[in-house]
Structure formats: C-alpha cells, structure tokens
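Each residue of the sequence shown is one higher than the last, beginning at 4 in my numbering.
What the hints contain is simulated information worked out from the structure, not anything from laboratory work. Every residue, glycine too, gets a C-beta built ideally from N, C-alpha and C. Be a bit skeptical, because a hint or two may be false.
[To be verified] Pairwise CB distance ranges, derived in the manner of DEER restraints: (1) Asp32 x Pro152: 31 to 41 Å; (2) Asp58 x Ser218: 37 to 47 Å; (3) Asp56 x Gln158: 44 to 54 Å; (4) Ala284 x Arg262: 35 to 45 Å; (5) Gln280 x Gln64: 42 to 52 Å; (6) Asp56 x Asp202: 30 to 40 Å; (7) Asp202 x Gln128: 39 to 49 Å; (8) Asp32 x Glu271: 47 to 57 Å; (9) Pro152 x Leu263: 31 to 41 Å; (10) Arg106 x Glu69: 24 to 34 Å; (11) Asn131 x Arg106: 19 to 29 Å; (12) Arg57 x Pro217: 37 to 47 Å; (13) Thr25 x Gln236: 31 to 41 Å; (14) Ser18 x Lys238: 14 to 24 Å.
[Stated by the list, open to error] Below, simulated EDC-like cross-link-like pairs (lysine to aspartate or glutamate); rule was C-alpha separation at most 16 Å, straight line: (15) Lys132 x Asp94; (16) Lys210 x Asp222; (17) Lys47 x Asp136; (18) Lys120 x Glu69; (19) Lys47 x Glu13; (20) Lys28 x Glu183; (21) Lys124 x Glu183; (22) Lys28 x Asp187.
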Amino acid sequence: MMDAKVHENEIIKGSSNFLRGTLRKSMADELTGALAPADAQLCKFHGFYQQDDRDLRQQRQEQFLEPYYSFMLRARLPGGVCTPSQWQTIDAVAQRLGNGSIRLTTRQTFQYHGILKRNLKPLIQQINKAMIDSIGGCGDVNRNVLCNPNPLQSQLHAEVYRWARRISEALLPQSNAYHEIWLDGERIEGGDSEPLYGDTYLPRKFKTAVAIPPSNDVDVYTNDLGFVAIAEQGKLLGFNVLAGGGMGTTHGDTSTFPRLADELGFVEPRQIIAVAQAVVAVQRDHGNR
4 MMDAKVHENE
14 IIKGSSNFLR
24 GTLRKSMADE
34 LTGALAPADA
44 QLCKFHGFYQ
54 QDDRDLRQQR
64 QEQFLEPYYS
74 FMLRARLPGG
84 VCTPSQWQTI
94 DAVAQRLGNG
104 SIRLTTRQTF
114 QYHGILKRNL
124 KPLIQQINKA
134 MIDSIGGCGD
144 VNRNVLCNPN
154 PLQSQLHAEV
164 YRWARRISEA
174 LLPQSNAYHE
184 IWLDGERIEG
194 GDSEPLYGDT
204 YLPRKFKTAV
214 AIPPSNDVDV
224 YTNDLGFVAI
234 AEQGKLLGFN
244 VLAGGGMGTT
254 HGDTSTFPRL
264 ADELGFVEPR
274 QIIAVAQAVV
284 AVQRDHGNR
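Could you put together the complete structure from these sequences and hints?
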C-alpha cells in the first residue's frame, strides 16, 4: 500500500528549523517586496500574511513589474482586552507603518493591512513595546483565545479572563524564532524544541474559546476547544470542557461540514492547562494533514 502524499506545507514546516526558514534572508532582499515562497507560508506563524493588490495586477504586469506586495498582520490579544495606552499605540502604528486602517476581527483582535515589507519589523517592534505580539495570529497553531471582553464586569469575569490568558500562553509555540527575527533576541543554537507542537505543528488552525454563562458571546460550541465556566454564588468551581466544534467546510467535499462541539466533562481550574494541551495533542497526532 502506497503512503499518502505529504502536503508541501508539511514539508515546509518540518524543514523550517522551528519556523525560522529563510525569513531573515527574505527580509533583507531589497530587490522584491515579497518573501521567498516557503517563507510566505512560514510567516503566518509569526502573525502575518503576504498579499498583493489585485486591482493593480494587470497594470503592473503590463509594466513588467512584480505584483504590488504588502502584508496583513493580526495581533494576539486574548479576550480582545487592551488598555487605553495600548489602543493609542495600535492607532499610531496603523497611521505610521500600515495603510492607516485598523480592522477588528470576529476573534476579538485587530489586523493591520497594507504593510510594506520594510515596515514589518518596525511595526512588530512597536506593538511589542506596548506588550502586544502577533505570535500565532495566523498559521497551524492555536489562534487568539476568545473570552468575555470585560474582565471588570465581576470578580468571576476577571478570574476567567486570567485563565483565558494562561491558556493562550500555554498553547503558544515555544520556538524562539519570533524573538530572534523580529525583536533581535538571542539566537538559540541547537536548543530549540516544540514539546507540544512538534516540528510540523498542527494540521491546520486551532480555535479556543472560554464562555461565562448565561452569555455565549464567544459562540463556544463552534470552536475546536471550549471551556464553559461553572460558578456558584460568584465563585469559580471549574469548567465544562467542549471539543470538536467548527464552522469550516470545503466546497464540493461532502466529508467536510460544520459541527457543534461535544461536551467531554468537567475539570477544576487547576486542570485546565493540561486538558487544553491534551486536546491540542490529539489534533496534532490524529488531525487530517
């Protein structure tokens, strides 16, 4: 029996040296506004996509010019919570290093559009100074963790929000590539590893949400992994765990369809990180690549 053909993206991930690829070289190449093809896939794990202006394609082709490339960057902002000073930075950076727009997403974060290649690193460094990053904003890893966006609503909301942040941190890629390439961090020689994701990461994106009844503002049953806070007289007792939800479908492929998550059981707060990592590991090992 012949083995199934390995998808090109799996090869790119596995040979990327934990998401480094040749991104440094691509960024240093001033002859093009684009990244090398493999790096254009790896950059998603760093939080951004390479795009080009479709309205200018024909015109630039007639002028024997490459497409007008730019980038979209999506931040990691658990629960969609940011401080006033962070928002001021977000706005200022959009004006200075993007196309002046800020787009809010359905997963409680924001996106910059129209970023030129030369402005990517300065932009990432500027938002980092405001304690915001874009690690896992895109790519085959856990994405932005959803939660009620107002932790000031009650002590319970504040506590659950803190758990949402911990989940987000626990499910981050452990590679130092982001800090090396964009923040000029110290390079790790031979010591990098991904104890949770492995060197090929996940088969596809993974979405997590945390809900606080009676509100289901995060649409928790449509996520790969969901936690529903269970409280008694305002005190957090634990979480009901949901898994397997999603709205994704491939046109013409009847084996793909939207589904609601299944309820797996109840866990205490101290168990939530281990459970989240276990569900991710199941997707890593048994998801369709």
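Status of the hints after comparison with the structure:
1. Between Asp32 and Pro152, the C-beta spacing of about 40 Å keeps the proposed range 31 to 41 Å intact.
2. For Asp58 and Ser218, the Cβ-Cβ distance of about 41 Å falls inside the hinted range of 37 to 47 Å, so the restraint holds.
3. For the pair Asp56 and Gln158, the beta carbons lie near 49 Å from each other, so the given range of 44 to 54 Å is met.
4. For Ala284 paired with Arg262, a C-beta distance near 21 Å fails the hint of 35 to 45 Å.
5. Between Gln280 and Gln64 the CB atoms are about 47 Å apart, so this pair conforms to the stated range of 42 to 52 Å.
6. Checking the proposed 30 to 40 Å range against Asp56 and Asp202 shows it holds: the Cβ atoms sit about 35 Å from each other.
7. Our hint of 39 to 49 Å for Asp202 and Gln128 is violated, since their Cβ atoms are close to 27 Å apart.
8. Distance hint check: the CB atoms of Asp32 and Glu271 are about 51 Å apart, consistent with the given range 47 to 57 Å.
9. Taking the beta carbon of each, Pro152 and Leu263 are about 23 Å apart, not inside 31 to 41 Å as hinted.
10. Between Arg106 and Glu69 the Cβ separation comes to about 25 Å, which falls inside the hinted range of 24 to 34 Å.
11. Taking the beta carbon of each, Asn131 and Arg106 are about 20 Å apart, inside 19 to 29 Å as hinted.
12. Distance hint check for Arg57 and Pro217: the Cβ-Cβ separation is about 44 Å, which falls inside the suggested range of 37 to 47 Å.
13. For the pair Thr25 and Gln236, the beta carbons lie near 56 Å from each other, so the given range of 31 to 41 Å is not met.
14. Distance hint for Ser18 and Lys238: a CB-CB separation of about 49 Å, inconsistent with the stated range 14 to 24 Å.
15. About 14 Å separates the Cα atoms of Lys132 and Asp94, which keeps this hinted pair within 16 Å; it holds.
16. A hinted pair counts as satisfied when its Cα atoms are at most 16 Å apart, and Lys210 with Asp222 qualifies at roughly 11 Å.
17. A threshold of 16 Å between alpha carbons decides the hint, and for Lys47 with Asp136 the separation of about 13 Å falls inside it, so the pair holds.
18. About 14 Å separates the Cα atoms of Lys120 and Glu69, which keeps this hinted pair within 16 Å; it holds.
19. A distance of roughly 14 Å separates the Cα atoms of Lys47 and Glu13; the hinted pair therefore holds under the 16 Å criterion.
20. Distance check on the hinted pair: Lys28 and Glu183 sit about 13 Å apart at the alpha-carbon level, within 16 Å; holds.
21. Of the supplied pair hints, the one linking Lys124 and Glu183 holds, its CA atoms being roughly 11 Å apart against a limit of 16 Å.
22. Of the pairs offered as hints, the one joining Lys28 and Asp187 holds, with about 14 Å between alpha carbons and a cut-off of 16 Å not exceeded.
Checked against the numbered hints given earlier, this structure breaks hints 4, 7, 9, 13 and 14; the rest are met.
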